[in-house]
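**Q** Using the hints provided, position chain F relative to the given structure of chain L.
If you want the building blocks of each chain, they are given just below.
There are 2 protein chains.
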Amino acid sequence: MTLAVSGGDLQRLRKLNSLAVVAALRAGGPMPLTHLAERTELARATVKQAVHDLIEQGWVAEMDPSAGGKGRPARRYRFRAEAGRVLGLDIGAHNVRAALGDLDGNVVHLSRVPVTPALTRDERLQAVDRAIDACLTGAGATEDEVWGAVAGSTGYIDLEGRIVLSRAIRDWSGAPLAEHLSARLPCPVVVENDSRLAALAEHRKGAARQVDNLVYLHLGRRPGAAVILDGAPLRGSSGAAGEIGVHPLFNLAASSDLLQASVSPVTSGLAPGEVAAALFEAVRQGDPGSTTAVLRYVKVLAMATAAMTLTVDPELVVLGGGFSRSADVLKEPLRAELETMCLRTPEIRGSTLGEECVAVGAVCFAVDHLNARLFNPAH
Amino acid sequence: MTLAVSGGDLQRLRKLNSLAVVAALRAGGPMPLTHLAERTELARATVKQAVHDLIEQGWVAEMDPSAGGKGRPARRYRFRAEAGRVLGLDIGAHNVRAALGDLDGNVVHLSRVPVTPALTRDERLQAVDRAIDACLTGAGATEDEVWGAVAGSTGYIDLEGRIVLSRAIRDWSGAPLAEHLSARLPCPVVVENDSRLAALAEHRKGAARQVDNLVYLHLGRRPGAAVILDGAPLRGSSGAAGEIGVHPLFNLAASSDLLQASVSPVTSGLAPGEVAAALFEAVRQGDPGSTTAVLRYVKVLAMATAAMTLTVDPELVVLGGGFSRSADVLKEPLRAELETMCLRTPEIRGSTLGEECVAVGAVCFAVDHLNARLFNPAH
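Chain order of the listed sequences is L and F.
Per the numbering used here, the very first residue in the first sequence carries number -2; after that it's consecutive.
Per the numbering used here, the very first residue in the second sequence carries number -2; after that it's consecutive.
Excised from the complex, chain L in its bound form:
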């Protein structure tokens, strides 16, 4: 060949080859050079060079040969998910959670600090600090090992991570959460809406794996929603995507309040927080009054879900939040309502991640951000 190839071009090519190798190892698990060459469609010599570079940079390690069984197996290589750590936070009215994850988005330690809705802004930020401290201590890690942090919180959070409006947490609109975290963490910090992170968690680790287009509904006393398109959370042009709950025709918050306030023999004497679960249980037992109350709630829920479905046409709707424990009761009537309104009715599944989903989603999102920074071939 008589091509003019500059040193800069070769650097770019090496970087692209390294990216291809890292992507193959992350997707396919540990493998020998021969398999890597097949999966990346690169020449064996090229793959060997890339693996050499990546081992030097700390991204790839050779597997312990004893891990294999047969005599003289080919050397296998793996992505070093432990090369860095990310921090995921979930800051709510009743709990602050901190999760430390590896570069594959797996949580290695999670701490929970109970709080109350009555806390002041500063008290809540102090609780955030305590949760981070507990999590790092529990994982035997230090702040310097954290390569990226994502904090989830309830409310309308703009693209710069400012909490524009938070109705669910007292004194929280305008709280300087990103500044507070940036002051103590030596890494980039992202603040994101909690439903969006929960949706991402379901997509990566929960009920929506392998499903790239979905609507997530956070059902409970503080309803929320989020959209995942092409495997990524939809933020919208100002961070307000998924805020269907405020639409006056649906008024999701009021509908779940109505459910909580249902007066029925089944729920008399219960604390407000216990009413919904009792109603759902009574529906399972066939109680007609409870069934009527729950169907009324489902009707409102279906109107909002249909509006989102007719806008983005998701493959799947995931029911999350406190009421997701009763997804068995909600799924079928919701499906039946959607059937009458949508051109194509999405599948409906209950969340499988429970109350840790926002923290798990924050860890996954931190990994996504890190990948974008580390592996963006344009830079």
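Treat the hints with care, as some may be off.
Simulated crosslink set (DSS-like; lysine-lysine; CA at most 27 Å straight-line) [as the list claims (entries may be wrong)]: (1) Lys202(F) - Lys45(F); (2) Lys328(F) - Lys296(F); (3) Lys12(F) - Lys45(F); (4) Lys45(F) - Lys12(L); (5) Lys12(F) - Lys296(L); (6) Lys296(L) - Lys328(L); (7) Lys296(F) - Lys45(L); (8) Lys45(L) - Lys12(L); (9) Lys12(F) - Lys12(L); (10) Lys328(L) - Lys202(L).
Interface residues of chain L toward chain F, partial, derived using beta-carbon atoms under 7 Å [claimed, not checked]: (11) Ser235; (12) Glu240; (13) Ala275; (14) Phe277; (15) Met300.
None of these hints come from the bench; they were simulated from the model.
Nothing here was measured: the structure is a model prediction, and the numbers come from that model.
Note that beta-carbon positions come from the ideal geometry of N, C-alpha and C, so glycine has one too.
**A** Coordinates of chain F only, in the frame set by chain L:
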């Protein structure tokens, strides 16, 4: 350097370099090698090689030196948009349009064949053929020069291009449009929802240039809607994205029918198709009865628009379709209604492309598909 670089790697690198050069020329217009090297951040020798390759392949041409003014200007190169042709079709109840475009998505010829809603399926397909014939003849082109075709039609069209449901055109659900076109055109054929193509046209050539996230509303007797995210039309998991018009709470079709049927001194004696325009004109003149009727329509429109806005958070809402000529009357009251419902109110603009927008969008979409096939570095 002592890198192991295979022949396959160099081929990949050459392809990437060519892509970078084509992208720079398409975005920046004709330019000399020096500028190309700056814009692509490639070495001058690399750019020279890429331009040489591209001229050989027919993608790039040297500009006529007389085009410059000064003595001995540097040679400039341009992308050859005329290297291929694409065909865009708009198949409606009252008109069939065929537009021939170049590889930059500019329409070089457009033909229109008037039809009636009463046509049978076969008669409409024959009208499509006549429109294509007239367009090719008018442009002095043959079918063999068409590299890709996109046909827009009203209705729910699935990802395989099947017309699942079309209420606006008689005998059209299930029509074998893609098969019909594929049988006579020697290129890939895509069938797509017409509102989605109109939205794309506004994004590329009309009211929404430079705006990557928008909601498009087709306002008129057959309302429709579409969403553009990150500069691409959102199809959804089954092709049903944007079908908010069927939501029972909004019932957009009924609301515009109501407007058409308004009984007012202003509209007495008018044909149904003339009522809306007369009402809008009367609003401009300050007629109170007409204003009440139009505001009632805007309220319903706003409810549907708010549901889409709260789901995807667009930067802009474009008003298209027949009523877009009265965007001046609709914009302000629609904005005021949205303001009360949305966390962030998008800007509102009227369409600038008028009745040819679906055909123009089809041409743009055909170019997008062609780019994806021609310039996908993975293949």
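**Q** Hint by hint, note whether the structure agrees.
**A** Structure-based check of all given hints:
1. Lys202(F) - Lys45(F): 32 Å, violated
2. Lys328(F) - Lys296(F): It holds: about 12 Å lies between the C-alpha atoms, which stays within 27 Å.
3. Lys12(F) - Lys45(F): Cα-Cα ~13 Å, so holds.
4. Lys45(F) - Lys12(L): 23 Å, holds
5. Lys12(F) - Lys296(L): 55 Å, violated
6. Lys296(L) - Lys328(L): Roughly 12 Å separates the two Cα atoms, so the pair holds.
7. Lys296(F) - Lys45(L): 64 Å, violated
8. Lys45(L) - Lys12(L): 13 Å, holds
9. Lys12(F) - Lys12(L): Distance ~16 Å between Lys12(F) and Lys12(L) Cα, so the pair holds.
10. Lys328(L) - Lys202(L): Answer holds: Lys328(L) to Lys202(L) is near 21 Å, not above 27 Å.
11. Ser235: 5 Å, holds
12. Glu240: Holds: closest Cβ of chain F sits about 5 Å from Glu240(L), inside 7 Å.
13. Ala275: With a minimum Cβ separation of about 30 Å from chain F (threshold 7 Å), the hint on Ala275(L) is violated.
14. Phe277: Interface hint status for Phe277(L): violated (26 Å vs cutoff 7 Å).
15. Met300: 6 Å, holds
Taken one by one, the earlier hints fail for this structure at numbers 1, 5, 7, 13 and 14, listed in ascending order.
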